[in-house]
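**Student:** Dock chain B against chain A, hints included.
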Amino acid sequence: MKKDISLFPKKIKKIRVRQRWKRRLARLLLIMVLTTALTMVGLSVYSNIFLRRANEELEMKISSEKRQIEDLRSVESKQVYLTNKLNSFEPLLRAQAKNQAIAETIFIILPNRTNLKGFDIEEGVLGLSGSVPSFVIFNELLENIREKETPLEIVKADVKKAGYSEKGGVTFNLILTLEGVENNG
Amino acid sequence: MVKVLTKLKMSEKYNWLILGGALVILLMVLKPLITQVQEKRAEQKSLTEKLKVLDLKRKTLDGIDEQLITDRVMKMEGVFPSGKPIIQLLSNLSLVAANNGLVFGGISLKPGVLGEEESDSSLKDISFGFKLEGTFKQINDFMYDLENTAPLMKIDEVSLSVKTNPLDKEREILVAAEVEVSAFYQAPPEKLGRISAPVSLLSRGDEALLNRLIKFKTYKTVLPEAPTGKIDLFTL
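First to last, the sequence lines map onto chains A and B.
Once you know that position 185 of the first sequence is 1110 in the numbering used here, the rest is easy, because the numbers rise by one and skip nothing.
Once you know that position 220 of the second sequence is 343 in the numbering used here, the rest is easy, because the numbers rise by one and skip nothing.
The following block holds chain A by itself, in its conformation from the complex:
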């Protein structure tokens, strides 16, 4: 009769014990991984459902807000109209006020009986040309430039030309530098 003779009984026993522990550890790991994974799958599924519902609710709220805004479209269009117009209106008013100040300045400094042939304004420099009946009136014009208070301060006055005209009056060409005027717009 044949019989297996174990030559390394102690070693084999040791290996078996180690293998058993390894198997247990592998099984434990497998169970842990499976449990974690299943929990994660469960959580993901739940999160998906929860988020989908929350998003649906948000979309409903957005639709409701949109409907309410649509109902207020007339107010919005009026507001947009006003803001749009005001953007253009402000520079126009500024230009208009500046023009008004220039016109007032001219009317203040010109004495009666002045025949103003033309005026132009560029980069804050006002050019005036015309005629007055006499040198006395011309002197009055210069006095006005020097002394009268005007909406725009005259910082510099230059008499470019002054002379007798054929009709007997005094023709003049004045260049006045005004403060606070940059262009003729």
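Think of the hints as simulated: they come from the structure by calculation, not from any bench.
Treat the numbers as computed from the prediction; the structure is a model and nothing was measured.
Among the hints, a few may not be true.
[Stated by the list, open to error] With a straight-line cut-off of 20 Å between C-alpha atoms, the simulated SDA-like cross-links for lysine to any residue are:
1) Lys338/B to Leu1018/A
2) Lys168/B to Ser989/A
3) Lys173/B to Glu981/A
4) Lys136/B to Met957/A
[What the hints assert, rightly or not] Ranges between beta-carbon positions, derived for each pair:
5) Thr964/A to Glu172/B: 27 to 33 Å
6) Tyr267/B to Met985/A: 57 to 63 Å
7) Arg1071/A to Tyr267/B: 22 to 28 Å
8) Ala1087/A to Ala331/B: 41 to 47 Å
9) Glu1104/A to Pro311/B: 33 to 39 Å
10) Glu995/A to Gly143/B: 56 to 62 Å
11) Glu172/B to Ser999/A: 24 to 30 Å
12) Leu246/B to Glu1078/A: 29 to 35 Å
13) Ile210/B to Thr1102/A: 39 to 45 Å
14) Lys168/B to Leu959/A: 29 to 35 Å
15) Ile318/B to Ser1054/A: 58 to 64 Å
16) Ser988/A to Glu189/B: 21 to 27 Å
17) Ile210/B to Glu1104/A: 37 to 43 Å
18) Arg1071/A to Leu213/B: 38 to 44 Å
Note that CB positions come from ideal geometry on N, CA and C, so glycine has one too.
**Tutor:** Just chain B now, kept in the frame of chain A:
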């Protein structure tokens, strides 16, 4: 002995194979699920932002006094119209001149193409010239009134010439003025934009500007009544 060892090793290998396989399968299931969650979270974030913007816009619009804004729009339309204010201009100019006791005439108007303003909401102007006769003071007053009369106008050029003899001290000096004026108009924006676009509120400066609108005088435009023919020729 060898058989036993081989058996032991094989069972160990299977265990690790099962574990690895399980991990791969789980990762394959988990990955799309996690991606979906991430996408939904991003969507939620974007929807929340959108809701916040819309809610703010609705509240802003709710806070605007509709009657007040309607009055302001009407006033603005009178002062700074959306279309070419030709009839309003002519009517108001003659009224302002008459109020200042001036002789008014010689209007030259360049109205351009009628109807072009509907397509563009940029600032536009029409230029026109006219002649006036009166005293210096009357003309000065007229110019002041003109710039405070609706629709919004800006004096571009004024040329003055004395009509009476300046040496005649007994008569008041009459001046003839040729005035070039621009009137402004601007069509409103064609579209309101996206529903989520924010509403810009009026600043303090804007409010001050709107208060200046009240300063502008508006005259009722009177259109001449022309006789019209009968519509139904068979009625008596």
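**Student:** Hint by hint, note whether the structure agrees.
**Tutor:** Verification of the supplied hints:
no. : hint                              : verdict
1   : Lys338/B to Leu1018/A             : 12 Å, holds
2   : Lys168/B to Ser989/A              : 18 Å, holds
3   : Lys173/B to Glu981/A              : 14 Å, holds
4   : Lys136/B to Met957/A              : 19 Å, holds
5   : Thr964/A to Glu172/B: 27 to 33 Å  : 32 Å, holds
6   : Tyr267/B to Met985/A: 57 to 63 Å  : 59 Å, holds
7   : Arg1071/A to Tyr267/B: 22 to 28 Å : 25 Å, holds
8   : Ala1087/A to Ala331/B: 41 to 47 Å : 44 Å, holds
9   : Glu1104/A to Pro311/B: 33 to 39 Å : 38 Å, holds
10  : Glu995/A to Gly143/B: 56 to 62 Å  : 58 Å, holds
11  : Glu172/B to Ser999/A: 24 to 30 Å  : 27 Å, holds
12  : Leu246/B to Glu1078/A: 29 to 35 Å : 30 Å, holds
13  : Ile210/B to Thr1102/A: 39 to 45 Å : 42 Å, holds
14  : Lys168/B to Leu959/A: 29 to 35 Å  : 33 Å, holds
15  : Ile318/B to Ser1054/A: 58 to 64 Å : 59 Å, holds
16  : Ser988/A to Glu189/B: 21 to 27 Å  : 24 Å, holds
17  : Ile210/B to Glu1104/A: 37 to 43 Å : 40 Å, holds
18  : Arg1071/A to Leu213/B: 38 to 44 Å : 42 Å, holds
Checked against the numbered hints given earlier, the structure satisfies every one of them.
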